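Please work from the sequences and hints to get the whole structure.
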Amino acid sequence: GQNIDQPTEMTATEGAIVQINCTYQTSGFNGLFWYQQHAGEAPTFLSYNVLDGLEEKGRFSSFLSRSKGYSYLLLKELQMKDSASYLCAVRGGDSSYKLIFGSGTRLLVRP
Amino acid sequence: DGGITQSPKYLFRKEGQNVTLSCEQNLNHDAMYWYRQDPGQGLRLIYYSQIVNDFQKGDIAEGYSVSREKKESFPLTVTSAQKNPTAFYLCASKTADNSNQPQHFGDGTRLSIL
Chain X
1 GQNIDQPTEM TATEGAIVQI NCTYQTSGFN GLFWYQQHAG EAPTFLSYNV
51 LDGLEEKGRF SSFLSRSKGY SYLLLKELQM KDSASYLCAV RGGDSSYKLI
101 FGSGTRLLVR P
Chain S
1001 DGGITQSPKY LFRKEGQNVT LSCEQNLNHD AMYWYRQDPG QGLRLIYYSQ
1051 IVNDFQKGDI AEGYSVSREK KESFPLTVTS AQKNPTAFYL CASKTADNSN
1101 QPQHFGDGTR LSIL
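Chains X and S, in that order, are what the protein sequence lines are.
Under my numbering, the final residue of the first sequence carries the number 111; numbering is consecutive throughout.
Under my numbering, the final residue of the second sequence carries the number 1114; numbering is consecutive throughout.
These aren't lab readings, by the way, just hints derived from the structure by calculation.
Nothing false has been slipped in among the hints.
Reference excerpt, derived from the structure (chain X facing chain S, CB under 10 Å, subset only): (1) Y35; (2) Q37; (3) P43; (4) F45; (5) C88; (6) R91; (7) L99; (8) I100; (9) F101; (10) G102; (11) S103; (12) G104; (13) R106.
Within a straight-line C-alpha distance of at most 25 Å, the following computed SDA-like cross-link-like pairs (lysine to any residue) qualify: (14) X/K98 - S/D1038; (15) X/K98 - S/E1069; (16) X/K98 - S/D1054; (17) S/K1070 - S/P1008; (18) X/K81 - S/F1088; (19) X/K81 - S/H1104; (20) X/K81 - S/K1009; (21) S/K1009 - X/A84; (22) X/K57 - S/T1095; (23) S/K1070 - S/A1031; (24) S/K1014 - S/F1088; (25) S/K1083 - S/E1062; (26) X/K98 - S/R1068; (27) S/K1009 - X/R106; (28) X/K98 - S/N1100; (29) X/K57 - S/G1003; (30) X/K57 - S/G1002; (31) S/K1009 - X/H38; (32) S/K1009 - X/F45; (33) X/K98 - S/K1071; (34) X/K81 - S/G1040; (35) X/K98 - S/A1031; (36) X/K81 - X/P7; (37) X/K57 - S/N1100; (38) S/K1009 - S/P1075; (39) X/K98 - S/G1040; (40) X/K98 - X/Q25.
Quantities reported herein were computed from a predicted structural model and do not represent experimental measurements.
Each residue gets a CB set at the ideal place from its N, CA and C atoms; glycine is no exception.
Structure follows, in structure tokens:
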């Protein structure tokens, strides 16, 4: 089967660093995406990893280990506006190139 | 400004009624998608279209129908056969289905039962 696991909720303090983990088991792998979604709004693209290693983009970084089926999203210098859900999505290896989404991690940033 | 427009933002359905959710994009994207999002769950794929006049079922297509007569438009009909339609519906598009570009999402339509 195909499965993506993320923690349901996390809490962190403004100015701190938080790491959101994502593990996956899929039939094939063609890349992993992270999206941010504020309540009732559209998901917005944050990062894409297809090779092992760290991709850095400002305060946000994403890491991938294909051999371990594991990724994390690292958020630095947390701001109140970072309170949102973070969705991990894997592009499978079958011909449809469909995205398989995790249930999302709801992050609450406290003052 | 280029983007994806979904309408209406809120929609109410009566028992036995079909309703259609609109999705329009001016990004010149070939591929378009419809997802359903329920509280505490990830996005689940309903239907997708890789090119005009072609579409495929996703993981939860039962009770839904789509059409793709124009590149810009991918409307979703929630039929009376869908017994639990209350959810947040998201439309997305990308340049081509087989590219590694991210999907871009519309602002969603929240559907409720009267």
